[in-house]
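K.L.:
Residues per chain are reported as follows:
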Amino acid sequence: MSFSEFLHMGGYAAYVWSAYGLTAAVLIGLEWSGRAELRAAQTHARRRATIAGEKS
Amino acid sequence: MFPFFTVRSPLSTDHFFMWLWFYKLASPPHAYQLLGKWRPWLFWPAIVLIAVGVAGGLLMAPADYQQKDAFRILYVHAPIASLSLMIYVMMAVAAAIGVIWRMKLAHAVAASCAPIGVWVTAVTLATGSIWGRPMWGTWWEWDPRLTSELILLFLYLGYMALRSSFDDIQRADRASAILAIVGLVNVPIVKYSVVWWNSLHQGPSLSLTGKSAIDSSMVWPLLLLILAFVLYFGALLCTRVRAEILRRERNPAWLGEIDLKS
Numbered sequence: 001m002s003f004s005e006f007l008h009m010g011g012y013a014a015y016v017w018s019a020y021g022l023t024a025a026v027l028i029g030l031e032w033s034g035r036a037e038l039r040a041a042q043t044h045a046r047r048r049a050t051i052a053g054e055k056s
Numbered sequence: 001m002f003p004f005f006t007v008r009s010p011l012s013t014d015h016f017f018m019w020l021w022f023y024k025l026a027s028p029p030h031a032y033q034l035l036g037k038w039r040p041w042l043f044w045p046a047i048v049l050i051a052v053g054v055a056g057g058l059l060m061a062p063a064d065y066q067q068k069d070a071f072r073i074l075y076v077h078a079p080i081a082s083l084s085l086m087i088y089v090m091m092a093v094a095a096a097i098g099v100i101w102r103m104k105l106a107h108a109v110a111a112s113c114a115p116i117g118v119w120v121t122a123v124t125l126a127t128g129s130i131w132g133r134p135m136w137g138t139w140w141e142w143d144p145r146l147t148s149e150l151i152l153l154f155l156y157l158g159y160m161a162l163r164s165s166f167d168d169i170q171r172a173d174r175a176s177a178i179l180a181i182v183g184l185v186n187v188p189i190v191k192y193s194v195v196w197w198n199s200l201h202q203g204p205s206l207s208l209t210g211k212s213a214i215d216s217s218m219v220w221p222l223l224l225l226i227l228a229f230v231l232y233f234g235a236l237l238c239t240r241v242r243a244e245i246l247r248r249e250r251n252p253a254w255l256g257e258i259d260l261k262s
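If you read the protein sequences in the order shown, they are chains A and B.
Oh and the first sequence: position 51 is 51 in the working numbering, straight run, nothing missing.
Oh and the second sequence: position 235 is 235 in the working numbering, straight run, nothing missing.
It cannot be assumed that every hint is accurate.
[Claimed, not checked] Short derived list, chain A residues pointing at chain B, Cβ under 7 Å: (1) LEU30; (2) ARG48; (3) ALA49.
[What the hints assert, rightly or not] Here are some, though not all, of the chain B residues that point toward chain A, as calculated from beta-carbon distances under 7 Å: (4) ALA70; (5) ILE73; (6) VAL76; (7) THR127; (8) ILE130; (9) PRO134; (10) LEU236; (11) THR239; (12) ARG247.
[Unchecked claim] EDC-like, lysine to aspartate or glutamate: derived pairs with alpha carbons at most 16 Å apart: (13) B:LYS68 / A:GLU5; (14) B:LYS191 / B:ASP143; (15) B:LYS104 / B:GLU249; (16) B:LYS104 / B:ASP168; (17) B:LYS261 / A:GLU37; (18) B:LYS68 / B:ASP215.
These are computed hints drawn from the structure, not numbers from a lab.
C-beta: ideal position from N, C-alpha, C; glycine also.
Only chain A is shown next, with the shape it has when bound in the complex (with noise of 0.2 Å):
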């Protein structure tokens, strides 16, 4: 099986190939979305922390 042939997907390569990028694309996402989150979480969290060190 040559590469052009494989990447040819015997006709069906728009099904095949949309169908694995849409599956890592909306993967990759959710992790980079769910790191934001955590960072954006943690910089308010540092924050509170600072301002509750300094009341004590």
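Chain A is fixed; fit chain B onto it per the hints.
P.N.:
Just chain B now, with coordinates in the frame of chain A:
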């Protein structure tokens, strides 16, 4: 002398240490740090298994005698579809535990499942549609499997909308838990819709009790990818639950004691 000393307490020392361990595990600072330690052990095996599984599905498995190479969509569609149901069950069980035992961590888990579930269910519908076009000649059909999966998407979206309609997080937890638990009836409908009704959607590929519908040369990448996606979901959940724990914490005393960078 003291008869009450001879009465064996139902809370023996064994029970006591079990509960102590449980409470420690579920305490916010401890859970926050533990989930951070677990995450790489779920994430990296998932990445390796995805690489092997995708190579197996695209390169090593033979083309299907009827569907030819289009059947390879199975390797992303079926694992992501089973994940969409697994996440829902986990969300509903966590929400129920949160209501019954008033456990904050369980509510945080349930709330973190929903956004992942929405995307996973959307990808299930989209990849199914992409597969349906060349195989059935249509992007969409009001078939029992497709319709019940669409209802699953609406349940996730409804759960999130309901949560965001409350300012008070505890009321949001309780109200959304009821929705999640009631929506659980849809899970067996999705799962068995292809068995109960004569639907356009093909039957299950794998069987736990009998012979699987697909050949063993095609089955191993599917099993690897199902496991890989579950591990990947575990890693995603760790990150989101950690963020949720920080957002919910009303007592900032412990925030100063832990590492808030990694």
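K.L.:
Each of the hints needs a verdict: does it hold here or not?
P.N.:
Hints, one by one, checked against the model:
no.	hint	result
1	LEU30	holds (5 Å)
2	ARG48	holds (5 Å)
3	ALA49	holds (4 Å)
4	ALA70	holds (4 Å)
5	ILE73	holds (5 Å)
6	VAL76	holds (4 Å)
7	THR127	holds (4 Å)
8	ILE130	holds (5 Å)
9	PRO134	holds (5 Å)
10	LEU236	holds (5 Å)
11	THR239	holds (4 Å)
12	ARG247	holds (5 Å)
13	B:LYS68 / A:GLU5	holds (13 Å)
14	B:LYS191 / B:ASP143	holds (13 Å)
15	B:LYS104 / B:GLU249	holds (10 Å)
16	B:LYS104 / B:ASP168	holds (14 Å)
17	B:LYS261 / A:GLU37	holds (13 Å)
18	B:LYS68 / B:ASP215	holds (14 Å)
Consistency note: the structure conflicts with none of the earlier hints.
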